[in-house]
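Take the sequences, apply the hints, and build the full model.
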Amino acid sequence: MISLTRLSGTAFLLNADLLERVDCTPDTVVTLVDGTKYIVAESLEEVREAVIEYRSAIVARAALPDAASVVPVRPSRQNRLSAVPPRGVTP
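For reference, each letter of the sequence shown is one residue, going 10 to 100 in my numbering.
Please keep in mind that the hints were generated in silico from the structure rather than gathered at the bench.
Everything numeric in this text was worked out from a predicted model, so none of it was measured.
Glycine included, every Cβ here is placed at the ideal spot set by N, Cα and C.
Treat the hints with caution; some may be incorrect.
[What the hints assert, rightly or not] So the derived label-pair ranges between C-beta atoms look like this:
(1) Ala69 <-> Thr14: 21 to 27 Å
(2) Thr40 <-> Ile67: 20 to 26 Å
(3) Ser65 <-> Leu27: 14 to 20 Å
Next up, the structure:
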């Protein structure tokens, strides 16, 4: 999520994956994929940089080993299989 500021000065978080476009008219208008529009205090370039940083952080985290996703290693088991003697030969 990226942090943006309404023209009234209140900050809010926006899911950057829902952005459709950002216009500068001269105010910066953020339009979401569902048509919702927000007028924000940040410039077009600042919104763009915030989205780039957000997506870069996701890619960077994906590259890090995560302790929760590490599969525990089972202790090695002895081979349970044994050789089968040829037909007609008794052990």
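**Request:** Of all the hints given earlier, name the ones this structure violates by number, lowest first.
**Result:** none
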